[in-house]
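K.L.:
Hey, can you work out the whole structure from these sequences and the hints?
Its first residue numbered 11, the sequence shown is counted upward by one per residue in this note's numbering.
Hints are computed from structural coordinates only; laboratory data are not their basis.
Where hints are given, some of them may not hold.
[As the list claims (entries may be wrong)] Straight-line Cα separation of at most 20 Å, SDA-like style, residue types lysine to any residue; simulated pairs:
(1) 72 - 34
(2) 78 - 50
(3) 19 - 50
(4) 72 - 54
(5) 27 - 84
Model, not experiment: these values are computed from the prediction.
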Amino acid sequence: MMITRAHIKEWVFDAVKALGEGSPASVAKHIWDHHETELRSAGDLFYTWQYESRWAAQNLQKEGRLLKTGRIWKFIK
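P.N.:
Put into structure tokens, the structure is as follows:
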């Protein structure tokens, strides 16, 4: 399976949902813990996935699915 930005976006959403809220670092740790194998085989995205996770959080906030307050990302719906 080819990993894309869309996968990262859903992984961010799933991580924040599972955590309830968390810092970008705790969300990244959750993603790594659950998707390390996919990330390691993601080609160039392996080197940019944490940047992509911040992009994803911004888009999830615009969609009303996540709230970013300071350095904490919170699950909304």
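K.L.:
Would you mind marking each hint as holding or not holding in the structure?
P.N.:
Each hint, compared with the structure:
Between residue 72 and residue 34, the direct Cα distance comes to roughly 17 Å. Compliance with the 20 Å bound is thereby established for this hinted pair. A threshold of 20 Å between alpha carbons decides the hint, and for residue 78 with residue 50 the separation of about 28 Å lies outside it, so the pair is violated. Distance check on the hinted pair: residue 19 and residue 50 sit about 17 Å apart at the alpha-carbon level, within 20 Å; holds. For the hint linking residue 72 to residue 54, the alpha-carbon distance of about 26 Å lies beyond 20 Å, and the restraint is violated.
Restraint check: the Cα-Cα separation between residue 27 and residue 84 comes to about 8 Å, which is no more than 20 Å; the hinted pair holds.
The structure shown violates the earlier hints numbered 2, 4.
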